[in-house]
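If you count by this note's numbering, then the sequence shown holds residues 23 to 177, one letter each, in order.
Don't take every hint at face value.
Each pair of labels, with its calculated beta carbon distance range [what the hints assert, rightly or not]:
#, residue 1, residue 2, range
1, Asp67, Ile117, 40 to 50 Å
2, Ala55, Pro122, 39 to 49 Å
3, Asp67, Thr153, 27 to 37 Å
4, Thr83, Thr172, 27 to 37 Å
Since the hints were made in silico from the structure, they are not lab data. Predicted model, so just to flag it, every value in this text is computed and none were measured. Backbone N, C-alpha and C define an ideal beta-carbon position, used for all residues, glycine too.
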Amino acid sequence: MRGFKRLTARVVGVGLGCVIGSGVVALVSTGWATELAFVARDVEDQQAVWLPGEIVLHRSTDFAEPLIFRFTNPTIRTHVFEAPGLLESVEEEGIQITRPLRVTIAPEESEQIVVDRSRITSDARAGNRETITYRFYCPLHRADDDTGGTIVVEP
Numbered sequence: 023m024r025g026f027k028r029l030t031a032r033v034v035g036v037g038l039g040c041v042i043g044s045g046v047v048a049l050v051s052t053g054w055a056t057e058l059a060f061v062a063r064d065v066e067d068q069q070a071v072w073l074p075g076e077i078v079l080h081r082s083t084d085f086a087e088p089l090i091f092r093f094t095n096p097t098i099r100t101h102v103f104e105a106p107g108l109l110e111s112v113e114e115e116g117i118q119i120t121r122p123l124r125v126t127i128a129p130e131e132s133e134q135i136v137v138d139r140s141r142i143t144s145d146a147r148a149g150n151r152e153t154i155t156y157r158f159y160c161p162l163h164r165a166d167d168d169t170g171g172t173i174v175v176e177p
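Using the sequences provided together with the hints, build the complete structure.
Structure, rendered in structure tokens:
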């Protein structure tokens, strides 16, 4: 039994390493939108992370189309994706509104949202063509020293 646990941990570690190493194919252009794919992963001590840990967007090319975040939670626990400073665009009662980006994804479910690009664009203008970084994390399962992941917007 002990050997099975070690083998399972090793297989999970190798799989996680492959996902992190390859950066997941996270940025996909569908012709009508740019999609970013995030996957929740449980790690040790009841903590969780969203992968990939870093996404790099380019203002000059990645904001010509709508920006869609797709979240997949293959785990047995509910996870939340939170990104302070970013807004999602939703339609409520026929009116387009924006709200802080915080999405709850049930176990073995997927969700997708449309990111409000105007906030990113206005941050970029205020930054005088500097690189802008937004953090993201799962507030339910993060460690005290965990900084989560980052979305980097370059000029």
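Hints versus structure:
no. : hint                       : in the structure
1   : Asp67 x Ile117: 40 to 50 Å : 43 Å, holds
2   : Ala55 x Pro122: 39 to 49 Å : 21 Å, violated
3   : Asp67 x Thr153: 27 to 37 Å : 32 Å, holds
4   : Thr83 x Thr172: 27 to 37 Å : 19 Å, violated
The structure shown violates the earlier hints numbered 2 and 4.
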